[in-house]
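Asker: Going down the list, the sequences are from chains A and B. This note's numbering applies: residue 51 is where the first sequence begins, and numbers increase by one. This note's numbering applies: residue 7 is where the second sequence begins, and numbers increase by one.
Note that these hints are calculated values from the structure, not bench results. One or more hints might be untrue.
[Said to hold, decoys possible] Listed below are the simulated EDC-like cross-link pairs for lysine to aspartate or glutamate, each with C-alpha atoms no more than 20 Å apart in a straight line:
1) Lys-45/B - Glu-146/A
2) Lys-46/B - Asp-140/A
3) Lys-138/A - Glu-24/B
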Amino acid sequence: MMETLTVLLDESGIKRALTRISHEILERNKGVKDLVLIGIRSGGAFLAEEIGKTIAIIEGVTVPVGAVDITLYRDDIKSHAAHLPVGKTDIAFSLEGKRVVLVDDVLFTGRTIRAAMDALMDHGRAQSIQLAVLIDRGHRELPIRADFVGRNVPTSLKENVAVIFNEKEQPVEVVLEK
Amino acid sequence: MAEFKHRDIIALRDLTKEDIELLISTAENMREINGRDIKKVPTLRGKTIINLFYEASTRTRTSFEIAAKRLSADTVNITPSSSSATKGETLADTALNLLAMKPDIIVMRHAVSGAHYHLAKKVTCSVINAGDGAHEHPSQGLLDMLTMKDRFGKLDGLKVAIVGDITHSRVARSDIQGLTKLGSHIYLAGPPTMMPPCVERLGNVTVCGNMKEAIQDADVVMMLRIQQERQGKTLMPNTREYSRYFGLNPENLKLAKPNAMVMHPGPINRGVEMSSYVVDGDQSHILKQVENGVAVRMAMLYHVCGGELAE
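So that you can see chain A by itself, here it is in the shape it has in the complex (with noise of 0.2 Å):
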């Protein structure tokens, strides 16, 4: 049924969005003092990376990036056949009085959201939490919203919104499925 792709954001869109989501960062955080970012395996790790890579250009200074895999905290264990493979939880750092931003790249129910932040309660109690994601495309099932969006998109239940990467793990298309 998902035939028609419509293409929301090119490379150079999603560029864009993110080099204005990572000045918004550090405008709202004044600096990098204490910020860390952390994406949700698989897409938000590797815009968390993209993020990285952007503030280190204007800043100078290089922000620890982790990622976190939230498979273990789902709500919705139950409800596959068989459980899902565990992907790697990779901070190498305390999250204690950290600024947190947590990065995903498609932000839809929230369910991913509350999972990952039950995650990070159990890495250290971070100063504050923060949500950046690529796609914002409503939705909501929990009281979450994002604090940094880089294309707020109306959506039916029946449209899928994927963001497209490459082989290198950068962020290439944003496509809705029809």
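Given the structure of chain A, go ahead and fit chain B onto it with the hints provided.
Answerer: Quick look at chain B alone, frame taken from chain A:
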């Protein structure tokens, strides 16, 4: 996407190469939890796991219990001295009584080979084998493979020597089954009285005439415990003679590849199958095996819990 479709894990013989690789990769990724301040994830919240141990065990039972707790499951331990088995209850009756209390997984160790297949037929929950007689010890096999993979990155093409009492060793059987599926070659050595006939048929196995032949150029040297509780006097004259012919010491370890891994499923009889120099030496990965045991058991509990709806 890889999916684990088994309700029970009784023997590595019953699993495919893909199943084993999935369990090992899940264990690798779960290890991170064990290094945190808060060593717990909510994944198996509300699940009840019964550890039913008909044979003595410290390491395996503790490891399964810690694994269950780190996944937020509730655990109950039952040991023979406190159970009705001493009053004459059959395994099947014990199983049905336990089942009436609605556990999700029973982890069992039993002295009879194959007891778990019998148990699995009687119950509707998952069954995990924590060692059955001289049959298999799948969690030990998996943690051995994870420990080897940590070191070599892959298991394909490794030369693994297993030395000792092969007849009584369920660890050796699980290692043979698993390592064969992942492409390693196993060289066995031990006194002829402790070498089961036709053991070659279990997998990529070569039976060696003496210990030197087995450990020559080995990547891994796995020493087995002499199970003094399982033998009559007839299998070997005495432990000193055993250790002269089949004990690992710094001298004969030089035959293996430089920096070969030394492993042992524990508990160790120091000075019998291994000298203390080797147990505590740089090449010993024995404590690493124990550490990996928790992650491997977490992966097993996680995947059997999810497999119930499959098929």
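Asker: Determine for every hint whether it applies to the structure shown.
Answerer: Evaluated hints:
1. Lys-45/B - Glu-146/A: Holds, because 16 Å separates the two Cα atoms, which is no more than 20 Å.
2. Lys-46/B - Asp-140/A: Holds, because 16 Å separates the two Cα atoms, which is no more than 20 Å.
3. Lys-138/A - Glu-24/B: Since the Cα atoms of Lys-138/A and Glu-24/B sit roughly 19 Å apart, the hinted pair holds (cutoff 20 Å).
Hint compliance for this structure: no hint is broken.
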